[in-house]
Structures are given as structure tokens and as C-alpha cells.
Amino acid sequence: MSTQLPHQLLPGAKEVPFAEIEGTLSRLVQDGRRRSRAPARSLTATVVVVGEPARLVSAADALAQLGEAGGVRTILISQGDQPSPTALVTEHSIAIAGLAPRYIDNAVASLRLSSLPALVWWRGGSIEALDDVAGLADRLVLDTESPDETWARAQTFLEETAVTDLRWARLTRWRALLAHLFDLPRVREAVASFNRLSIDAADVPAARLFAGWLQTSLRWPSSNQISIRRVSADGKSPLERVQLEGDRLTITLHVPSTRTCLHASVGGEDGMARVVPLGDGALTALIGEELGIRTRDLAFERALGAARELSVS
Amino acid sequence: MSDAPGSGSNPLLDGLRIEPTPDPTTLVIFGASGDLTRRKLLPALYQLSRGQRLPARFSVIGVARSEMNDDEFRRQFHDSLKEFAGVEKADEVSGTLVRGLSYLFGEMDDPALYARLARTLQESHAPDGVLFYLAIPPTVYGKVVEQLGAAGLTRPSTPTGWRRVIVEKPFGTDLDSARALNAVLHQHLEESQIFRIDHYLGKETVQNLLVFRFANGMFEPVWNRRYIDHVQITAAETVGVERRAAYYEQAGALRDMVQNHLMQLLSLIAMEPPITFSAENVRDRKLDALLSIQPLLEDGAKTNVIRAQYSPGWVNGSEVPGYREEQGVSATSVTETYVALRAQLDSWRWAGVPFYIRTGKRLAKRTTEIAIQFRRPPLHIFKRVSPTPIASNLLVVNVQPDEGISVRFEAKLPGSRMQLAPVMMNFRYGSAFGSAVPEAYETLLLDAMLGDPTLFARHDFVEASWALITPVHEAWRTSGPAAIPMYEAGEWSPREADAMMAADGRRWRTL
Ligand SMILES: NC(=O)c1ccc[n+]([C@@H]2O[C@H](COP(=O)([O-])OP(=O)(O)OC[C@H]3O[C@@H](n4cnc5c(N)ncnc54)[C@H](OP(=O)(O)O)[C@@H]3O)[C@@H](O)[C@H]2O)c1
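Line order of the protein sequences matches chains P and H. So that you can map any letter, position 72 of the first sequence is 71 in numbering that gives the first Met the number 0, and since no number is skipped, the others follow by simple counting. So that you can map any letter, position 313 of the second sequence is 312 in numbering that gives the first Met the number 0, and since no number is skipped, the others follow by simple counting.
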């Protein structure tokens, strides 16, 4: 694993020994304030990102935008084998390269803002460190490309830490649109008859979460048919098409060719069609949304349990 | 046996991150050709739809006298989004919304219009949740509600249906007219169906006042006469009457700002803790606070309430005319464009703590804030080493333009000497949470669709507020035209308002 942090991670950052991070931060804050003459900001949370250096760059970018608009301290950590590596420091961010997994929790404990919530954004790395940082997090947001291992581990500490997966935030619009359709009397009457679900998805784990959510919300028996097909897409949406069928009604949700919205139809009737914006899928928006949530998400936890059981051919 | 959920509740709503959406709704806007509809209501609907806050079944019927067909109304919708919501080109969201838009025209007192409205609601299989929005001149509110009642439109036709009415401001012009309007509304509607709008209550900081006071243990214990010296509520505008001269000439600052918005702010600051955060508990406690205000004329109108009018001057670097030279204003007008008043609350918590209110047009700066000034410490132990008098602690709630809360306290200046200086600690919605603050009309429209009246004015509050204000108007009406003092546009206040404060040994805050 690389222990070098890419140069563009924190533009203009100062490189300092680990022990000098806190002192450097407060000096930078004071200097910044003197320069801009802006009043002190209200701080709201610490966001800790753990992942490969390459995945830290996009996270840093997203958080930089969030940091400008909101009072967040960011700590970016890539794993390696050093107990006390040097760090890059800017006014609101710290990046530490090559930190040994067993020291990650110590680093987080010493650098997080006291008395305010800490959100850990897990973008991959040694699973051993996950348990430790989860213990320090008020909220743990999983965001790995192949999530099975982290999902399995996360299920063991759901009682202690509020856990979610960033895919779940990407599914919000899809879930909300389907839920709205369930307000229609025709759909409500057909709820018990739905028994087939097919999903075309660019992100199969997201499709599994979506299917797990429907399965648990509608209390489906295991005999109901769920099929998930991998398709390639432009990455704007985790899913491309969802079809929920029963003997009485079919509901279809899909992303049309404009790629900016989500289209739903019920039983092919035009009068029952509905279009909503796809929503802001940028990392900044997603992590910003996560920061606004402080409680356990039982619907996610149930969906996670069901998604882990789903196998995709 | 299958344990699949039945057709009762929506099984997919549980844990959904999107906040609650209303039941299927038809919004009927009376006054759909008007300024408020274009400027606020249509953009708010668009934003709500973008945020997926509108129900799956949602439609809008616009009603006004101007002749228009559905397509013209739909074009007006797009134009309004362009002008007031920055939506240059129609997008999927506006496209979906626009399909649910239709328009009816007719005279507001013509029963045939309401028969057509009833038919349209029935034929379109529109949802039986119907929200009527009265975006029409106040003189027509009563007429429309009477006609709605006569046409049977104020009662839902199904057990799950509902009918609600949003009434715009101003609600009456004095106590008698407010009572009369309430009586007409109550003839046809239950109080729970009536949503009297005060857009100040839709502002984020105003809602945050309740959270600030009642979700924090450290403020409430000092929120009383033992620790608070006085409260200043300011709503200052830099603009003049603009296009609203006809209305403003009749209204004036006392009716336009104090009776509604500023009394609401005062009651939120002064109220006792409600036992739950329910609409009725919150509104009961606000009403108590309002009822505890002593009559404003008790000591003679001259000292408790000051009115004034702006004369020509300079605002934000531009020369501006005086009020009497504005288009549509009488050259001998005595309408007040500025009011300052001192309210004394006759309550255990607030006895002896004055609440000062000031509002005006063409003042130096646009700002609305509530400043709570605490008492000084009983002893100035630093007097010998730091002879400057210490500044009182201050808690400032900024309502606009920069929503947030600030606290001022004394700190030691760095250095070997013991010197004191006041410092300000700021919380700003814009920079702390990083998310956009919703427009007041979005919040209020949504709450009305959800049937939550917490942020709307109840009949008794409106009447109690008019009961305070009306005698002042009466006194002014009889005092003759020469009595109105002037202030130069761009200044902070007339001399008389400063004198009112000086008589109490206090000063207006410099903003
Ligand atoms: N505009 C704002 O920003 C604002 C802010 C706060 C409160 N309000 C309140 O909102 C309401 C509407 O204000 P507005 O600014 O939209 O007024 P407006 O532009 O004058 O529009 C009023 C609407 O009512 C209709 N109307 C006018 N006179 C009428 C009459 N005698 N009988 C029946 N209908 C009549 C008008 O259209 P037709 O001529 O086609 O019928 C128009 O659709 C007022 O009560 C106002 O106090 C407005």
C-alpha cells in the first residue's frame, strides 16, 4: 500500500510532524482569520476519511467544498505501517499518509473536535481498523467498491454505532419515488400482490440494498422472485431500471435518456406517470446529507441484512 | 397465511430520509394572476417538487378574474420560474408540475365560478385534499370563503379528504374588521381548517428560536427579569413603499409590520415553555405572552409609541425622495413609515423588562434582529485596572439577512495588563450547516398541506394583537396631521424615538 499522499490532496498544505498537527492547525486558523477578517465559524462535526490515497483525493475534494460552506474539520488517513507519520495540514483539514491501522483510532481520538459528532467515512483499507474507528464514530458511512466484507463486519456493531452505506444515500430518490407511488390508491390496493422484482443496475451492491429494502418492507417470503442484472451506465445513478410486478399491476422506474431525472409509471398509464429530478449525486451532496443525520437507520439495517443474503447470478 | 402489509399504511415510508410528504393535494390559488403567485407561490411549488416534497398526486387550479386559458397560465408559471427562481429553461420538474396546472376565471362573488370549480375538482378526479390559497386583496377574503361555503366546497366529499384555507396578510385593518373576518371564516370553517399566514414564522431562525430556548438547558434559567435588562426588536428596511403605495397609505408601519410580524417575534421571545411541541400548546403560550402586554396607551401614546415618516435623503449611496413625494402617496399623507414602541409585559417572568420594537422604511440598513440585553454584573471588580465600563452581555438573534445567533461577552485583552474588551461569538446558518435554507413560503405551503398549523396565526392571537394596536391608531387618527415627526431617509431613527429610549436611560443598538 502506498504511503505517499498525492500532492493535490490538500493544495497549499503545510507538512508537519504528527506531534505538531494541533499547534499548526490553530496557528493556521488564527492567520486565516486575521487575513480574511471573517468572524469565527461555528463548528459542527469532524469527518474522518479512511482509504487508499487515490480514493482520498475525491473525498478531500468533496469535503473541501463542504468545508467552505459548513463548519467541518476533515481528517484524511491512508493506511501503511508507520506509528507517527508526517501530516499535511490546512486550516480545516489534516491528511496523514501511511498510518499503521492499529494507531488510526489514537490519531482520530486526538484530532477530532471535542464535544461534537464525528462521522467516519470508510473508503477501504484493513478491516481490522474498522472496529476501532467505529468505536469512536457517532456515525459510520461505508463506501467501498466491494462491500461484502465491510457489510459483514458492520453488522456486528450496529447496536453501538449508527451505520450506513453511501449507496443508501444514492438510493434515496429511488426509494422516495417508489414510496410516493404507494400512496396511489391503485398501488395501495395491489401491495399484497407484488411478487416479482427485477433491477438493472450499474452498481450491483446498490441494487442488492434496494432489493433488500423492498423485500423487508413488503415482508416478502423468500419464494418471491428477485433478479438483478448488471448493466453499464454513466455513473449518474446506481440503478437504471426497477420493475416491480404482480398479477394486478406493474410499476416501472427508470432513468430516461436525458439522464437528469427519474421516471416512474404505474401500469403503463400516462396519467399515473411521475418525473422527479435524479438529485445531486455528487460526493459533496451525499456526505453533506449524511452529516445531517444523527440517528440509527433501522430501515437500512434491515435492508443490509437482506442484501447480504441475496446472491446475484 | 401471507403477512404482507395490507392496504392501510404505506409500508415504504418507514425510515425514508425524505421528510414527510402531504397526502394527495389539489391547491386552488385564488389570485393566480397576481404578484404573490408569480413571485412566491409558483417558485415555492417548483422548489418543493425538486426536493420531492410534493405528493405523487398533486395539481394546481389557478383562479382569478383575468381571462386566461390553461396554456396561458402554464406560460405564466414558466415565466415566473424564470424571473423568480432562476429556471431559465423548462426542465423535467417544471414539465411534470405544469401538466397538473389548470386555470379558471370569473368574478369572485359569482356562484357560477364555484360551481365550475366544484365540477373541475370532481371531473379531474382530483385528490380530495384541497388547499385553497387566498392570494387576493383582503377585501375579497370573506366573499370567497362565503362562496366556497355556499358551494359546499369547505367540506370534503370523502372520509379521508380535507379542506383547508390559507389566508394572506393583512388579516383585518383593526380589531373590529379582524373579528368580522374571523366570524365569516368560522361560519364556514373550523379553526383547524384556517391557516393565517405570517411569513416571518416560516423563517428558519424564527423556528430556531423555539429550539434555542427550549432544547438548551443553559438559556432558559436566565431568560427572565432577574437577568435580562431589556429586549430590542428591530425590523429595518432600506426600501421605500415601491409599488405598494395604495396599500401602504392605508396601512402604515404599525399595521404592516408590528401587528403581525413583530408581535409574533415578541411572543416567541416572551412565551413560557409549552408542555409539548404541539401546535395548540405553542400557540396557547404565545397568546399568553401577547395578552400580558399592557395597553400601549396607558402612559399616553406619546411616550410609549412613536411614529414618523421619512423625508428625502440618501440610502446606500443613492438619493431618494421623501415618502410624500413617492408615486401614489398623498402630498399631505400622515401615514407612518416608522414606528418605535415600548411594550411592558405584566407577567411574573417579565415584569419591569421593557420590550422595545422599532421598524421603518428607508433606514440605513436592511436588517431584522432581536437583541436580548442582559443586566450588568452587580459589581465591577475590574474598575481600577480597566476603567472603561463593561458592556452588557448581549444575545442577538439575526432574522435577516444573515440568519443566525450571536453572543457578546467580555474577554481579557491579551497582554500583561488586565484590560477588558467585548467579543462576539457567532453562529450563522449559512456557514455552519452548509445547506440551503428553505424559503419561508416553501415551509408554510408544505405545513399547510401537511395540516400542521404551528407556524400560522390563530384567531385569538390575531385579535389580541389588533386589540393592542387599534387604540393607538385611533389616537393618531384624532391627533391631526401636524403631529407626525419626520426622519431623513438613510438615518436610523427620529429624535423622538431616541428620546423615548433616553427617558429610560437606554439607547437603541447601533446596527
Ligand atoms: N405580493 C407580495 O409579495 C405579498 C406579500 C405579502 C402579502 N401579500 C398579500 O397577498 C395578497 C395578494 O397580493 P398580490 O401582491 O399578489 O396582489 P395583486 O398582484 O394585486 O394580485 C391580486 C390577485 O387578486 C386578483 N384581484 C385583484 N382585485 C380583485 C378583486 N377586487 N376581486 C377579486 N380578485 C381580485 C388579481 O387578479 P385579477 O385582476 O385577474 O382578478 C390577482 O390575481 C394580498 O392580500 C396581499 O396583501 C402579498
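Some clues are possibly wrong.
Stated by the list, open to error - Within a straight-line C-alpha distance of at most 25 Å, the following computed DMTMM-like cross-link-like pairs (lysine to aspartate or glutamate) qualify:
#, chain 1, residue 1, chain 2, residue 2
1, H, 168, H, 90
2, P, 235, H, 18
3, H, 411, H, 438
4, H, 81, P, 30
5, H, 88, P, 279
6, H, 168, H, 91
7, P, 235, P, 202
8, H, 382, H, 402
9, H, 411, P, 30
10, H, 142, H, 66
11, H, 39, H, 451
12, H, 142, H, 173
13, P, 235, H, 91
14, H, 88, P, 246
15, P, 235, H, 90
16, H, 168, H, 438
17, H, 142, H, 91
18, P, 235, P, 188
19, H, 88, H, 173
20, H, 411, P, 21
21, P, 235, H, 175
22, H, 39, H, 87
23, P, 235, P, 80
24, H, 364, H, 248
25, H, 39, H, 446
Bear in mind the hints are in silico, worked out from the structure with no lab data behind them.
Each hint tested on the structure:
With a CA separation close to 32 Å, the supplied pair residue 168(H) and residue 90(H) exceeds the 25 Å bound. Pair hint residue 235(P) plus residue 18(H) holds up; C-alpha atoms about 23 Å apart against a cutoff of 25 Å. At roughly 40 Å between alpha-carbon atoms, residue 411(H) and residue 438(H) are farther apart than 25 Å, so this suggested pair is violated. Between the alpha carbons of residue 81(H) and residue 30(P) the distance comes to roughly 42 Å, so the proposed pair goes past 25 Å and is violated.
Among the hinted pairs, residue 88(H) with residue 279(P) is consistent with the structure: their alpha-carbon atoms are about 19 Å apart, no more than 25 Å. Restraint check for residue 168(H) and residue 91(H): not satisfied, since their Cα atoms lie roughly 33 Å apart, outside the 25 Å limit. Under the criterion of a C-alpha separation no larger than 25 Å, the hint pairing residue 235(P) with residue 202(P) is consistent with the structure, at around 11 Å. Taking the CA atoms of residue 382(H) and residue 402(H), the gap is near 36 Å; set against the 25 Å cutoff, the hint is violated.
A distance of roughly 20 Å separates the Cα atoms of residue 411(H) and residue 30(P); the hinted pair therefore holds under the 25 Å criterion. Of the supplied pair hints, the one linking residue 142(H) and residue 66(H) holds, its CA atoms being roughly 20 Å apart against a limit of 25 Å. Between residue 39(H) and residue 451(H) the alpha-carbon distance is near 20 Å, which keeps this suggested pair within the 25 Å criterion. A distance of roughly 19 Å separates the Cα atoms of residue 142(H) and residue 173(H); the hinted pair therefore holds under the 25 Å criterion.
Restraint check for residue 235(P) and residue 91(H): satisfied, since their Cα atoms lie roughly 16 Å apart, inside the 25 Å limit. For the hint linking residue 88(H) to residue 246(P), the alpha-carbon distance of about 41 Å lies beyond 25 Å, and the restraint is violated. Restraint check: the Cα-Cα separation between residue 235(P) and residue 90(H) comes to about 17 Å, which is no more than 25 Å; the hinted pair holds. At roughly 17 Å between alpha-carbon atoms, residue 168(H) and residue 438(H) fall within 25 Å of each other, so this suggested pair holds.
For the proposed pair residue 142(H) and residue 91(H), the alpha carbon gap of about 38 Å is over 25 Å, so the pair is violated. Between the alpha carbons of residue 235(P) and residue 188(P) the distance comes to roughly 33 Å, so the proposed pair goes past 25 Å and is violated. Taken as a hint, the residue 88(H) and residue 173(H) pair is broken in the structure, with Cα atoms around 45 Å apart against an allowance of 25 Å. Distance check on the hinted pair: residue 411(H) and residue 21(P) sit about 24 Å apart at the alpha-carbon level, within 25 Å; holds.
Simply put, residue 235(P) and residue 175(H) have alpha-carbon atoms about 59 Å apart, too far for the 25 Å limit, and the pair is violated. For the given pair, residue 39(H) sits about 17 Å from residue 87(H) by alpha-carbon distance, which is consistent with the 25 Å threshold. For the hint pairing residue 235(P) with residue 80(P), the CA-to-CA distance comes to about 36 Å; that exceeds 25 Å, so the pair is violated. Proximity of residue 364(H) to residue 248(H) is assessed by CA-CA distance (about 23 Å); at most 25 Å being required, the pair is judged to hold.
A distance of roughly 16 Å separates the Cα atoms of residue 39(H) and residue 446(H); the hinted pair therefore holds under the 25 Å criterion.
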